[in-house]
Amino acid sequence: MRGEATAALIAEELVITKEGARKHLLNLTDQGLVESSSRSEGVGRPSTYYSLSAQGLSKFPDSHADITIQLLQSIKQLLGENALDLLISDRESKVFQKYNLALSEAKSLENKLDIITRKRTEEGYMAEWKKEAECYLFIENHCPICAAATECQGFCRSELNNFQQLLGPNYTIQRVEYIIDNAPRCTYRIEEKM
1 MRGEATAALI AEELVITKEG ARKHLLNLTD QGLVESSSRS EGVGRPSTYY
51 SLSAQGLSKF PDSHADITIQ LLQSIKQLLG ENALDLLISD RESKVFQKYN
101 LALSEAKSLE NKLDIITRKR TEEGYMAEWK KEAECYLFIE NHCPICAAAT
151 ECQGFCRSEL NNFQQLLGPN YTIQRVEYII DNAPRCTYRI EEKM
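With the working numbering, the residue at position 154 of the sequence shown is 154, and numbering never jumps.
Note that these hints are calculated values from the structure, not bench results.
One or more hints might be untrue.
[Stated by the list, open to error] With a straight-line cut-off of 27 Å between C-alpha atoms, the simulated DSS-like cross-links for lysine-lysine are:
no., residue 1, residue 2
1, Lys-131, Lys-107
2, Lys-131, Lys-98
3, Lys-59, Lys-18
What you are looking at is a predicted structure, and each value in this text was computed from that prediction instead of being measured.
Let's have the full structure, built from the sequences with the hints guiding it.
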């Protein structure tokens with residue numbers, strides 16, 4: 001609630017020893033739930049301050065999925081499907097520009113897949129790719145926009161369009177597994193056109 005605190009302050013609040021607090025904080029840091037930073041506050045050793053990491057913050061309730069669904073429903077109800085399509089098209093264009101810039105130096109399909117995989121993983125999709133016989137599989141093991149995509153499948157259509165444009169006209173891409181259809185992941189088959 002305070003944003004950051006020292007081990008001494010945490011020990012005082014929890015009525016435990018400073019060493020006990022430090023041990024818990026180090027364990028939480030090892031788990032990626034807490035981050036530390038040192039700050040010099042005059043004479044003496046710098047003080048170490050601890051705060052929740054993004055992963056730590058994610059452990060608290062978050063109603064963003066509910067709000068997202070409510071907003072999408074309101075847009076459809078108040079402004080119509082066309083307004084929602086315009087919003088999705090705008091997002092599609094911005095995402096394409098960002099990825100296209102990242103792919104500007106990619107020389108091969110595998111280079112492109114490496115870059116797309118890295119960017120998608122940074123965005124929470126837990127992406128990977130692999131080669132199988134005459135095709136490639138691009139796999140997203142998680143969908144951070146699943147609630148929005150379930151409410152409005154235009155997001156998924158937009159992503160598939162972007163993948164096709166990014167990979168280029170020499171390849172076809174087809175979704176063969178779909179989280180929204182109760183598959184464990186979204187998988188795309190990529191094949192070179194003959």
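Would you mind confirming whether the straight-line C-alpha gap from Lys-131 to Lys-107 stays at or under 27 Å?
At roughly 17 Å apart (the allowed maximum being 27 Å), Lys-107 and Lys-131 satisfy the hint.
Starting from Lys-131, check that the Cα of Lys-98 is at most 27 Å away, please.
Satisfied, since the Cα-Cα distance of roughly 25 Å is no more than 27 Å.
Starting from Lys-59, check that the Cα of Lys-18 is at most 27 Å away, please.
Roughly 25 Å between the alpha carbons, so the hint for Lys-59 and Lys-18 holds.
The earlier numbered hints are all upheld by this structure, with none contradicted.
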